[in-house]
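Given only the sequences and the hints, what does the whole structure look like? Please build it.
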Amino acid sequence: MRFRSTPVHKSAATVISEVIFLFLIHGAHCFDLPGAATEIFQKIGEERKISLAPHCGSNPPILDPESGVGHVEKLADFNSYVSGSPECKHAVLLASDVYGYEAPNLRKIADKVADAGFYAVVPDFFNGEPYDPNNPERPKDAWLKDHSPEKGFEDAKLMIDALKSKGFSSIGAAGFCWGAKAVVELTKAKLIQAAVILHPSYVTVDDIKSVKLPIAILGAELDHLASPAVLKQFDDILSANKVDRFVKVFPNCSHGWTLRYDINNSTAVARANEAHQDMLEWLLKYVK
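Residue numbers for the sequence shown, in mature numbering (1 follows the signal peptide of the UniProt record, and there is no 0): -30 to -1, 1 to 258.
It is worth saying that the hints were derived from the structure and are not from the lab.
Please note: incorrect hints may appear among the correct ones.
[As the list claims (entries may be wrong)] DSS-like cross-link-like pairs, simulated, lysine-lysine; straight-line CA separation at most 30 Å:
1. K110 x K258
2. K182 x K136
3. K182 x K218
4. K127 x K160
5. K212 x K115
6. K82 x K258
7. K158 x K218
8. K218 x K59
9. K212 x K134
10. K182 x K212
11. K110 x K44
12. K136 x K110
13. K110 x K212
14. K179 x K158
15. K136 x K202
16. K110 x K121
17. K115 x K160
18. K44 x K255
19. K255 x K182
20. K115 x K59
21. K127 x K44
[As the list claims (entries may be wrong)] Listed next, with one range per pair, are the computed distances between beta-carbon atoms:
22. K255 x D176: 25 to 33 Å
23. S209 x K44: 40 to 48 Å
24. K110 x D176: 20 to 28 Å
Think of the CB as a built atom: it goes at the ideal place given N, C-alpha and C, for glycine as much as any other residue.
Written out as structure tokens, the structure is:
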């Protein structure tokens, strides 16, 4: 295992935010609060959910369908960016964040996975409609009704079936933000050999309680969607269940840092590369 985190002196606002987040993912039954206090926390929590939405959508990528050294082909009726030799016996499914499979940095990660000896696949689970923060007619709540993380899991199962039908003997999966939920569900269903989730969204304590396969969780110190406190809970649960895991918190990083980093910022690039290397080492250990 290893829960790795740099000690941080937190502001009162940060602590309050984390308490509210814990309230949201656990529910009122985990807190000994009077009815009025519970109602107040629920109201604040719902407002907090709204305020977190821009955090998840910060620094959107400029999509490029021509990016990457691989190519696009149909798999399980999904356009998919694939990289690596089809003769390889080990595959890795990469489930994107809300911006989809044409994000150049995501395709670079797929190419890294391929260079490590895997057949890397990034499906277009959004069928040509990634989230567009500049489209006022399609706000995130409306977009999510058609592209829920739960639907992502159902689509991911189809992709796993397609990869197995091609003869891949072992399959791993990595999920970024939105895609983390689908990957955790694949793990719970024991449809893959191992998983990596990076700055996860929509993943709950109950989800982690059902994980029985090796999983790496890479998070950010400044991520209110999956705060260090929440990741520590994940780690404790996995430890109690004797699941092989690797949980790491990257200091001074925000949600999305492994994908939506500034390629001209050497520090941001180094932090992203460190996370990518951690991901590769986990996949090499359990999938290849």
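Evaluation of the provided hints:
1. K110 x K258: violated, 37 Å
2. K182 x K136: holds, 26 Å
3. K182 x K218: Distance of about 19 Å is within 30 Å: holds.
4. K127 x K160: holds, 11 Å
5. K212 x K115: violated, 36 Å
6. K82 x K258: holds, 15 Å
7. K158 x K218: It holds: about 21 Å lies between the C-alpha atoms, which stays within 30 Å.
8. K218 x K59: holds, 29 Å
9. K212 x K134: holds, 28 Å
10. K182 x K212: OK: K182 and K212 at ~8 Å, within 30 Å.
11. K110 x K44: holds, 27 Å
12. K136 x K110: violated, 35 Å
13. K110 x K212: violated, 37 Å
14. K179 x K158: holds, 9 Å
15. K136 x K202: violated, 38 Å
16. K110 x K121: The given pair, whose Cα atoms are some 15 Å apart, holds under the 30 Å limit.
17. K115 x K160: This hinted pair holds, its Cα atoms lying about 27 Å apart.
18. K44 x K255: holds, 29 Å
19. K255 x K182: Distance ~16 Å between K255 and K182 Cα, so the pair holds.
20. K115 x K59: Given pair K115, K59 is violated - Cα atoms ~36 Å apart, limit 30 Å.
21. K127 x K44: holds, 15 Å
22. K255 x D176: 25 to 33 Å: holds, 27 Å
23. S209 x K44: 40 to 48 Å: Holds, since S209 and K44 (Cβ atoms, about 41 Å apart) stay within the stated range.
24. K110 x D176: 20 to 28 Å: holds, 23 Å
Of the numbered hints listed earlier, those contradicted by the structure are 1, 5, 12, 13, 15, 20.
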